[in-house]
Amino acid sequence: QFEVSSLIGLNAPILGHLNLTLTNLGLYSCFIFLIVLGIHLYGNNDSKLIPNKWSISLESSFASINAMVRDQIGTNNEIYLPFVYSLFFFILIGNLISNVPYSFAVTASGVVSLGLSF
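Last residue of the sequence shown? That's 118 in the working numbering, and every number before it is there in order.
Derived by calculation from the structure, the hints in this document are not laboratory data. These figures come from a predicted structure and were not determined experimentally. A portion of the hints provided could be inaccurate.
Cross-link-like lysine to any residue pairs, in silico, SDA-like; alpha carbons within 25 Å at most [said to hold, decoys possible]:
1. Lys48 - Glu59
2. Lys48 - Gly38
3. Lys53 - Gly110
4. Lys53 - Ala108
Can you make the complete structure from the sequences, with help from the hints?
Following this line, the structure appears as structure tokens:
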């Protein structure tokens, strides 16, 4: 559950000993990306007058994250809002997937926590 293991590996000695490996960390990160992308595509309102439940929830989460960014960073530095918004959804979906029994906990990995901190 917490161990990073190699799933598929590709060795290419012609290209200077290039080793491409798909681990469970990378696989679950791709799953998280696809789920976040799917939620946002499903919540897309397509310029309809009456929003659906998904678009209302996405708009309210955007409004609350925007308010937090304005309070903490200030209105001059709102360029960081897309980064904070995407980071919030990555951590949210990663933690929700980690609650499923016998699944890999992406956000429990020290490498991910260290990488997201920079």
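Numbered hints the structure breaks, given as an ascending list = The structure conflicts with hints 3, 4, although it agrees with all the remaining ones.
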